[in-house]
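All chains should be built: construct the whole structure from the sequences, respecting the hints.
Chain order of the listed sequences is A and B.
Using our numbering, you'd call the opening residue of the first sequence number -18 and step up by one each time.
Using our numbering, you'd call the opening residue of the second sequence number 4 and step up by one each time.
The hints are simulated quantities; they were obtained by calculation from the structure and are not laboratory data.
The C-beta atom is built at its ideal place from N, Cα and C for all residues, glycine as well.
Hints should not be assumed to be uniformly reliable.
[As the list claims (entries may be wrong)] Covered, in the sense of this in silico footprint (three residues per stretch, anywhere, with C-beta under 8 Å from a C-beta of chain B), are these stretches of chain A:
#	segment
1	-3 to 6
2	16 to 23
3	171 to 179
[Said to hold, decoys possible] Lysine-lysine pairs mimicking DSS-like chemistry, simulated, CA-CA at most 25 Å apart:
#	chain 1	residue 1	chain 2	residue 2
4	A	173	B	97
5	B	136	A	170
6	A	52	A	79
7	A	303	A	284
8	A	73	A	52
9	B	97	A	246
10	A	52	A	33
11	A	173	B	136
12	A	328	A	170
13	B	97	A	170
14	A	246	A	170
15	A	170	B	129
16	A	246	A	303
Residue strings, one per chain:
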Amino acid sequence: MEPRRYIPLWELTLARLREFYREPAAVFWVYVFPLLLAVALGFAFREKPVAKITVDVREDVGSPAAVAAIKEKFGRDERLVVNGVTGDEWVKRLRSGKTDLVVALAPDGGFELWDEPNRTETVLARHAVESLLNKEAAQAAAPKLEERHLEETGNRYIDFLIPGLLGMNLMGGGLWGVGFVLADMRVRKLLKRFLATPMSRRDFLLSVMFSRMLFTIPEVLVLLLFGYLVFGVRNQGSLAALVFLIVFGAASFSGLGLLVASRAKTIETVSGLMNLVMLPMWLLSGVFFSSERFPEVAQPFIKILPLTAMNNALRAVMLEGKSLAELTFELGVLAFWGLIPFVIALKIFRWR
Amino acid sequence: MTLAIRCRDLRKTYPGRPAVEAVRGLDLEVTVGECFGLLGPNGAGKTTTMEILEGILDATAGEVEVLGLHWDRDGAAIRRRIGISLQETRLADKLTVREVVRLFRSFYPSGLEPAEAVARVSLEEKARAYVSKLSGGQRQRLAVACAIVGDPELLFLDEPTTGLDPQSRRQMWDIINKFRESGRTVLLTTHYMDEAERLCDRVAVVDRGQLIALGTPTELIARLGGQHVIDFSLADGQAPPADEFAGLPTVTASRLDAGQYGLTVAEPHTALPALLRHLQQTGRELAALTTRHATLEDVFVNLTGRHLRDDA
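In structure tokens, the structure reads:
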């Protein structure tokens, strides 16, 4: 027999890569969309690092000079937005949340502070205004307070967000890149056609997973570079640990993708199944906010989701500089979700 | 005489309510070197039979031998020696013709050069074009290129020309004939009579999962008892039963279908004057009349009382 000149695993992988980068829509969703999300969320949360407090001052109570003085004093505090009101307007504004606190001069030289105790912001506003008024009155007696703000990189929302988006991307990529592609091939009867050749099924499935891994490289690089260049997001841990985690996670999610696609006969079925798998994790697994905000009873369940493990591990490495040895639980969860679905999928996979 | 395909009492039942018996006891023998046609209307069980022979479907019962081998024991060996073209496979849209053929070539331990396979189906000019840019006929030829790139001894073609324009069909026939010249075997399905007559050495007519006739196209037509057909219709309002004409000299079969009478006759020069005399005597008036050679379509209509294609 002549030496084998065509290596099927290579040809299959090459075919997948070509099909992918020749499809502009796929490139957009995989590479551009996560960036847009990062830009939008990154800027949305950067623009208002400190929430402003709106304070209304009643201008028709007390002397105009006193009103002007108090407005001027509040105006010097950068946290406050001061607004003059007359008549009953202040009641409406407070009730509808347009203002957080209403201040009126009292005849005895003191102040009347109106808040709406059900809203957190108005309570905060009250404390801010009270401390402002007290600070001057009791200047001599009060202990000296120095204001400092935590603003170093690593603690901002964007630092939290980038690993979350990375995790979300790895999940989406694994499910779409493997699940959708396989279901699509089944619908087109391409799987059936391949089955009728001497092609090795193992080569075929490996090629789908390999090409998935290859797509991940630019995807992850683009997101990480973008985070670094635009927002200065850095990896505090070792690069090797981060790379390992990404490869490990991509492999794990492609196992899940394989399972999702193992039986589906139509694109609708596979899309539905993928949403069923991904939606709960988008919400629960701490992409946009910490998963610890969910009730205590739900925590054991949330912790064993693959995306939670992925995000927690990525954040542990990128934000806290932890080593892989400290992440055995997360790696175990990912290994479980990669391996078990893969084995089941191989058993039940529908080729025709 | 070596057999390329042999199947005995082949059965395939799809479970369900009611269960569908797609193939009901089919016996087939295809000799090495021949082009064998499976002929029948849609739903006759042609594709199911093909897919069982191709090792894609499992039979419910029956014996199958392909190139002297059995699917359950020697599947890998058979796959290396056959080539197939399925009905409606959508190959990758964003790959070029050359890339698709090369991909299929990589699955086989030996075979043609991809460029050679592309040349055999006359797609050289489209070698760098995306599959999505091909016409229907070009896609079918690409499917055949993928089927022959492993240099198979036996080629399965499921409806290779369905939906193609006449020129593309003739191109496909040339490709199939060329493949056969090297002494290889072809099994194809079709519901085009002219295709079966032009390409096939032998034809099996299949209906409702069963074999209803087998032989060379000429034999099958001869078996009608007459080689000629007189088609005619009568003026408005006249529709005597077809039996009325069955007794005319050398008429072997008569039928009436949608106002059109068809008489299968052995000797048109005897039957035609007799028919005209008969019409005159009974006071009937002709609206149209033609004569032609009998085709496999007539064979099928005579055997089943139905046409091969619903639109025919």
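*Straight-line Cα separation of residue 173/A and residue 97/B no greater than 25 Å?*
At roughly 19 Å apart (the allowed maximum being 25 Å), residue 97/B and residue 173/A satisfy the hint.
_Given the hinted pair residue 73/A and residue 52/A, is their Cα-Cα distance within 25 Å?_
holds (20 Å)
_Hinted pair, alpha-carbon criterion (25 Å max): residue 170/A, residue 129/B. Please report holds or violated._
holds (23 Å)
_Holds or violated: residue 52/A to residue 79/A, with C-alpha atoms at most 25 Å apart_ = holds (18 Å)
*CA of residue 328/A to CA of residue 170/A, is that 25 Å or under?*
Distance ~20 Å between residue 328/A and residue 170/A Cα, so the pair holds.
*Satisfaction of hint between residue 170/A and residue 97/B, Cα-Cα up to 25 Å*: holds (16 Å)
*asked:* Just to be careful, I want the Cα atoms of residue 97/B and residue 246/A compared with a cutoff of 25 Å; is the pair within it?
replied: holds (22 Å)
_residue 303/A paired with residue 284/A [C-alpha distance capped at 25 Å]_ = Status holds; Cα separation ~18 Å.
_Is the coverage entry for the segment 171 to 179 of chain A by chain B consistent with the three-residue Cβ rule at 8 Å?_
Since 8 is at least three, the answer is holds.
*Apply the coverage criterion to the segment -3 to 6 of chain A and chain B: a residue qualifies when its Cβ sits closer than 8 Å to a Cβ of the chain, and three qualifying residues are needed.*
That given contact holds, which follows from 4 residues of the segment -3 to 6 of chain A lying within Cβ reach (below 8 Å) of chain B.
*If you look at each residue in the segment 16 to 23 of chain A, do at least three have a Cβ nearer than 8 Å to any Cβ of chain B?*
violated (count 0)
_Hinted pair, alpha-carbon criterion (25 Å max): residue 52/A, residue 33/A. Please report holds or violated._
Satisfied, since the Cα-Cα distance of roughly 16 Å is no more than 25 Å.
Of the hints listed earlier, those the structure fails to meet are numbers 2 and 16, in rising order.
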